[in-house]
Each structure stands twice: as structure tokens, then as C-alpha cells.
Amino acid sequence: MSGRWLYPFEELGKEHNDMVGKKCANLGEMAKIGLPVPQGFALSLDAYRKFMGITGAAEEVVACIECRGNSLDCIAEVNDLSRAIRETVESRPMPREMDETIGSHYTKIGTCCGVADPPVSARSAGAVSYPGQYETHLNVKGKDDLIEKIKKVWGSTFNPTSLSFRHKKGLPLESDPIGVAVLRMVNARVAGIVFTADPNTGDTSRMMVEANWGLGESVVGGESMPDTYIVEKKTLKVLEKRLGTKSRIVVPSEKGTVEEETPEEMSSRLCLSDEEVAEIAKVGVRLEEHFGLPQDVEWAIDGDLSLPDAVVLLQTRPEVLAKKKEPVDQLLDMMMSRFVRL
Amino acid sequence: MLHDAYDLSFYEFDEEKDVKEYGVLLCDVVHGRPPMKPAYMGIGWYWYYHGVRHGAATLCLPTTHGWDSRFVKGYPYITAIRTTPEEAAAREPVFRERIRPFLEKFDEVWDGYKNDLLEMYKTAKESRGLKEWQDIRKLDNNELLSFFLDFAFVLNRKEGEVHFIMLMASYYISGLFQEMWRELFGNEASIDPDFHRVMAGFEAQDTRVVRDLWRLGRKAMEMGLENVFKETADDEVIERLKSSDAGRQWTDEYHDFLLESGWRCDRMHAYDTPAWIEKPGLGIGRIKMLMSREVFPFDAEHERVARQRTQTEKEVLSRVPEDRRGAFELLMRAAQKSGYWSEDHTFYCDLYIGSLGRWIITEFGRRFAEAGCIDQPEDVHYLHPNEIRKAAIPMGRINLRPYVERRKKLHEENLEIEPEPFFGDIAKAQEVLRSDPTLVVSTQLPIVREELKADLYGAAAAPGVVVGTARVIMNESLLPELQSGEILVAPGTSASWAVVFSIVSGLVTDGGGALSHPVIMAREFGLPCVSGCVEGTRKIKTGDRIRVDGDQGVVYILSK
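The listed protein sequences correspond, in order, to chains Y and F.
Here my numbering is used: the first residue of the first sequence is 1, the next is one more, and so on.
Here my numbering is used: the first residue of the second sequence is 1, the next is one more, and so on.
Quick caveat, the hints were computed from the structure, so don't treat them as lab data.
Quick reminder that beta carbons are idealized off the backbone N, C-alpha and C, glycines included.
Hints should not be assumed to be uniformly reliable.
Stated by the list, open to error - Chain F side only, calculated, beta carbon under 8 Å to chain Y, not exhaustive:
1. Asp7
2. Glu179
3. Glu183
4. Ala327
Said to hold, decoys possible - Non-contacting residues of chain Y with respect to chain F, defined by C-beta distances greater than 10 Å in every case (computed):
5. Lys32
6. Lys169
7. Leu171
8. Lys234
Stated by the list, open to error - Taking lysine to aspartate or glutamate and the EDC-like style, the derived pairs with C-alpha atoms no more than 20 Å apart in a straight line are:
9. F:Lys125 / F:Glu329
10. Y:Lys234 / F:Glu370
11. Y:Lys325 / F:Glu329
12. Y:Lys325 / F:Glu104
13. F:Lys428 / Y:Glu240
14. F:Lys390 / F:Glu412
15. F:Lys105 / Y:Asp329
16. Y:Lys50 / Y:Asp99
17. Y:Lys241 / F:Glu104
18. Y:Lys325 / F:Asp256
The whole structure should be built from the sequences, with the hints applied where relevant.
Here's what the structure looks like:
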């Protein structure tokens, strides 16, 4: 695949982690084993390098760092440097060849659903996870907007947190190539996360589903307390349901998204039926079995489809479990969840 | 309207208010049948309720403050005093720390308490110069009253507190193990033979006591005394033995055994049946049943049971996912100890304290009767502890008959009735039971599996299958009817029934769950047993041929 820098997800698998970033590789792997992921494509790490090279942004970033990168121990300096670099990166026009290739693949996403400017998301996909969130842009419409947002994702590798992290660790400041996943937006009625092992206790016999109305960003971001469901992995039986406050939801606006206060009628009831929870959990089990490790999966319920097709997956990654607990502490946790929190 | 509870305040049942407050109250047929008498309700039963609440407070149980109890027509009804969600959240972190030692070192905790109790009983006797049963007659009325008060307010309280701290911890542990078992293997633990194989192979104090009886029986045979036992009624054996040197030597040995292990009444939850040390003939009957056995049945089975346990443990552990194996094994060890405790504690808790109560209270009964306050010594059981206290000094001044007669009449009526199984909304029972796993001590529901087409379904079972003739025995005084090799069908069994496990080929009981006496003892003796069938004694008649399937936890009535 040398020379290429754009791949439809169907062509990718987990072995392509270093080439396109984890998120893209895993989306590809999920597509490959027949799980429902939205249509889309990945820009590889090479796309980043290519853009930085052809446009001359790479050189200018180096120059920028040489001139201002000595005093990165001060927050204001880091912020200044970050701003300067991101401006440099984002102001470069996309090279024509890249612009056209991205454009034609973008148009394809629209063709199959009969839309001219299909709404998509542009999500960062690092090969290694570093602290400092790289950007994700939702509900992007039209090729020009998409190109702008891809550049913003790339530019986000120079955000202040990432810069100072790389500085502290002695990693190169001038570049941190990442992939970008471009995905058709799902008309999410409900979205959230499924942890295939209870993340709080490390109990692998139980799964946890967190859910809120609208796009999953309200759950991923952790600002709004979602509904929580505990599911027995073996039987997919819903053992516990906790109504979250779900005070705010994220929904698409004309372009991009907006966070709104949740209407009382919606915040006061659970957003998933037991059947939906079981379907989400089922996909979670499948992923855990396939990857051989507990997974942390982002999913959405497509409001345009009905079960079981309505469950769409947006990302999966190995779950970070609570530190492996001593047996006696595992038992105490179990005692609480089985006898106390009913 | 308040239902009278033999004039005992706070035990009266209020049909409206209590049901509204608690949702449901369940009849405790395990402890309350036949119905208790006022003296026991006011002392032993009171301290058990205190004990439950004390245990809940000490362990800081998140979901319950302990049990509450009411009496309807003399039968006890129990329910949980539940915590609010806020209380539960606040109690949780403390509970985690308090229950931890029981998970980590159950034995050490129990050994400590056990020694405290034995020391307390010993001091209570020795400080008053008491050793033999009849020594209590030497106390003057003041001393007897002081002993009574010590018993009713200190000794019994301490016993109840230890008893229920241990019981609550052991039921939380055992309940969690059964839950984990179900989650991992998909089977209800209480009727899974593997579960019982893993839990078996531990010797409780009660088994040691029965072994001593068997050994005494064998010794009598070696000494050529067999015929005395065979030809003489239980009560007269000792008198007759005393006519020979060998017999005297044997009765001395038996007496030493009683001084150590005879502090037990036939009925644990009352003071109205005699203790072995009081009536040595009680032990003689049991010795007769055991003496023909060349090997003590428990010992014949023990090695096999213990070996099978080790094998099953290994096999079961290999089925547990690796990340949960450490926790499972720790829990299994603690649950084995809890199961063992369930049998072991009766000797140190219920039986011992009950016999001390019998000792003191019937001595008052004797004195009241002698002084003309009541007609018969055993009428003392219809008095409340406060009445006994107030009438004790000066002895003979108060006519207690009016108090006795009315309650005695009521009690006799209550003996004849079938108690309501519950009051309130039975749909709430599960919720109440879940809020406090210890409630299943007294209440358990059969696991019905219609595909097995059985006549009775149990709530718990000890593995093995046997076909045989049924013998229905409604209370321990009828035990001598039991023939070797028969299948015992009974409302339940308690430690005072321990000898039957050496005689029967299987058991069916109406009450009892995974930690109940019949299930634990049956699996130690390698006998099939199905417990918690609810209607066993009603559906099965003596002489019926039945199949007890302890592997499935069901009973078939083959022919009537």
C-alpha cells in the first residue's frame, strides 16, 4: 500500500494501527468482522506527513520552535507557541491532489445515501495515546468544510498540553503524525459507551452501559450524568438500571453540534429499553471475544433504523480497568453490588 | 387492632400498621413451631432479636437494622427493618471494613468468640459453686434471683450478640458464594451436588458429641453391659447399671461426658424440654440407637467426603475464569468455614445458653410450685421474666395462677392451629429477603422445576439418591420410632436430632436452606437430603416408598 495515504475502512484491520492510527484500524477491524460501523475512510499518518511536507508547514514549524521553543516551562509561552504553529498548519491550503482524493471519497459517502453534502465527523486517530485530547469535529458538511476540519485535527497535535507533554518527555516537538477518521454521521437517537467489564470493580462477569439521548459526546465527555445499566455478561440480563440526571445533551445543529438542556420529559426516563441494552451488550461481547480483552466501545442507536441494525459502533479500544484488586476487595465490591445496591 | 402476645408488650401484631410499614411479615416456622411459651419469648427470643440488631449495628449492615418480630396466635413472624438509601450509602464503607476479617480469617474470629463464651459459662457456674445439675438447689432465693438476672440480662445478651455477629457475617459470605456460584456455573448452588461436595468434609462440635455417645455405647458392649441397655427402659438404665462394678465404672464415665457435653435441651428454642444433664436417660436412648454400629457412620464417610471435596474443589476452580479465581477461592474457603460454623455454633450458643435458662427457670418453677404460687413446676414457662423476678422474693407471697392459667389455655389452643405463612404482600417477600440475607435462616422457598415432574421440590439438597420407606416424625420426642435405614421426613432438624444421621438412609424436611442443619449434617454423613420442601410432612405418610434425589433436589412418592 506504499504511496497511498487514504483507505476506506473495509481495507483496514487492527494490523494497520501504526499506519492509520488506532481508531481507524479498529473501525476497519470491526467492519472486517461484519460489525456495523458507519461508512467512511481513514487518512493515514502519511497523509499528515505529506501535507506538512508539500505545504512547507513542517519547515516553518521547526523554525517556529527554534525561535520560541526554549522557554516552554511557562504556560503563556506554550500557549503562544501552540497558537503560532496551529495557525501555520491550518492556513496552508490542502495540496490539490490530496484535496481531490479526499473530495471524491467524501462524495462517495453521500452517493450511497443520496445526499450531496453528507454530514460526517472528522476524528483524530493517534497510533499511541498521549494525554491531551486531539480534536474531533462533528456534523461537518461539504468538502471545503471537511478539508478545513481535517487540517484542524492535524493542527490539534500542537495543542498546549501535547506540546508540553512532548517537551517534558523529550519527544520531538515539531511533529506527532496522527490519522484522521472520516465517518458518516449517525442520526443518533441515543448514544454512549459499553464497557465489557465493570470498569469500577474490574468484574469481568458484568458489563456496564452508559447512555444519554443524542450524540455520544455528552457521555464521552463526562459532563452529564448518563443512565447506567449493569448487564450480566453470560445471559445479557440487565441486572441494574440507574437513572442518570442527563442534564445536558449534544445534538447536531445546522453545522457542527450544540449542547442543550435536556427536556424534563427525556431526562426523567431511561433512554434505553432492556432489549436495546442487550443488543448493545451482545455486540460488546462479540468485540471482547474478538480482541481477547475487555473493550470500551462507543456506540449509537440510529434513529432511522430498527433493532438489531440500529446499533452502530463508532470506536472500540481496550478498556482501562480499575487497578486489579486484591481478591478480598473484589469480594467486598461484589457484596456491595449483589446485596447492597439493588 | 393489636393481636395479644400473651400480654408481652411490643410483640403484639398490628394488622394495619405493621403490614403498611414492613410490606410483609413471614412466619418463622423453623424456630417457632411448636409455638413458644412466654418465658422464652421474653428472654431467649428477646435477646435473639436484640442480637440481630446488635449484629446489624456492629457490622454496620447497609440494607437492614436487623429483624423485627411480632407474634400472632403464639407464632413468631419476622421481617427486616430496612435502611433508607441514604443510610445504606453511609453504612457501606464501614461495613466493608467490618466484614473483611470474616472473609480473611473466619476461624480466628470465631475461635476468639467461642472461648469467650465457654469462659463466661464456666465462670457463671464456678463463681456460684455450681457443677452438677442439682447443685442449683443449694442457692438461696437471693442467690437464685441474682443468677436469674445475670442470665436474663448479661449471659443471654452476650450470647445473642456473639451469635448474630457471627451469623450475619456467615450468611453474607455464604450468600455471596452461592450467588457467585450461580453467576459462574449457571446452577442454583443449594441444589447443585458439586456445591455440596465442596462444602463437605468438616467436623463440627456436635458431631464430636455424637461420636462420644457412640464410643460410650461401644464401651458398654465391651464391658458386657449390652443386655442392660437392651432390656431396660431409657430412664432406668443408669439405676440398673449402678448395681455392678462395671456398670458403676461406665456411669461415672457417662456422667463426666454429661458434665462436659450434656448442657443441651431437646428443643433449642424454649426452656420447656429437659436437658441431657438433667435427665441422663435422654442420652441413653441415643446411645442405644448408635451402639450396634461398629464404625461411627460419620467416620466411615468422612475420608471419602473429604477426598471428594479436594477433588471437586480442583475441578471447580479450573472452571473459574483466571481473573476471578483468586476471589473465588478466598470466598470458597470463607464459605466453607461459614457452613461449618452454622453447625459448630449450636453447641456453644443455642444449646448451652438454652440449658442454663432451663436450669434456672425450672428451679424457680420448682420453688414457686412448692410455695404454692403455681400448680406445677413447668407452669413457670407461662410467666414473663419480670413476673418471675418480682415474685421471687419473698418467695410464696404472690399467687401466679391467674397469669399462668389464661396464657396456658391460649397456648394450648395455639398448639392446635396451623399458622398463616405470612401477613401482608407476599410479592414483597423477595425484596425483604434480599435486603437481609440472614432472613433465609428461617424462610426459604422451594426451587420448582416442573420438567422433573417431582412430587416435592426442595430449596436445598445434599447429594445422593436413595429409595426407601418414609417415617414422618413431627417432633424430637418421637425419634425413638425411627427404624434403621428408613428415610426421615420431618418439619426440620436441629442439633438435638444429631443422632438420626447415624441411623437413617435419607432425609426430607419442610424447612431449611443451604446452611440448614439437615443439609449440612446429611452431606457430612454422605446421606441424600432434600430440604425446604414446605409440604413434605403433609404429602408424605409413614410407610410410603419414596425416592429422595439429592442430586436434583427433588422427592418422588413411589407408592403409598
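Okay, the hints, checked on the actual structure:
Evaluation of the Asp7 (chain F) hint against chain Y yields a violated restraint, the C-beta minimum of about 38 Å exceeding 8 Å. Because the smallest distance between the Cβ of Glu179 (chain F) and any Cβ of chain Y comes to about 5 Å, under 8 Å, the interface hint for this residue holds. This hint holds: Glu183 (chain F) has a C-beta 6 Å from the nearest C-beta of chain Y, less than the 8 Å allowed. Because the smallest distance between the Cβ of Ala327 (chain F) and any Cβ of chain Y comes to about 4 Å, under 8 Å, the interface hint for this residue holds.
With a least CB separation of 27 Å from chain F, Lys32 (chain Y) remains clear of the 10 Å interface cut-off, as annotated. A cut-off of 10 Å between C-beta atoms confirms that Lys169 (chain Y) is not in contact with chain F; the least separation is 32 Å. Leu171 (chain Y), annotated as away from the interface, keeps every beta carbon of chain F farther than 10 Å; the closest lies near 34 Å. The claim that Lys234 (chain Y) lies off the interface is violated: its Cβ sits roughly 7 Å from the closest Cβ of chain F, which falls inside the 10 Å cut-off.
Using a Cα cut-off of 20 Å, the hinted pair Lys125 (chain F) and Glu329 (chain F) is violated, with the two alpha carbons roughly 43 Å apart. The suggested pairing of Lys234 (chain Y) with Glu370 (chain F) is violated, with an alpha-carbon distance near 70 Å, which exceeds 20 Å. For the hint pairing Lys325 (chain Y) with Glu329 (chain F), the CA-to-CA distance comes to about 15 Å; that is within 20 Å, so the pair holds. Taken as a hint, the Lys325 (chain Y) and Glu104 (chain F) pair is honoured in the structure, with Cα atoms around 15 Å apart against an allowance of 20 Å.
Between Lys428 (chain F) and Glu240 (chain Y), the direct Cα distance comes to roughly 18 Å. Compliance with the 20 Å bound is thereby established for this hinted pair. At roughly 26 Å between alpha-carbon atoms, Lys390 (chain F) and Glu412 (chain F) are farther apart than 20 Å, so this suggested pair is violated. Our distance criterion of 20 Å between C-alpha atoms is met by Lys105 (chain F) and Asp329 (chain Y), whose separation comes to about 14 Å. With a C-alpha separation of about 12 Å, the suggested pair Lys50 (chain Y) and Asp99 (chain Y) falls inside the 20 Å cut-off, and the hint holds.
The suggested pairing of Lys241 (chain Y) with Glu104 (chain F) is violated, with an alpha-carbon distance near 32 Å, which exceeds 20 Å. Of the supplied pair hints, the one linking Lys325 (chain Y) and Asp256 (chain F) is violated, its CA atoms being roughly 52 Å apart against a limit of 20 Å.
The structure is inconsistent with the numbered hints 1, 8, 9, 10, 14, 17 and 18, although it conforms to all the rest.
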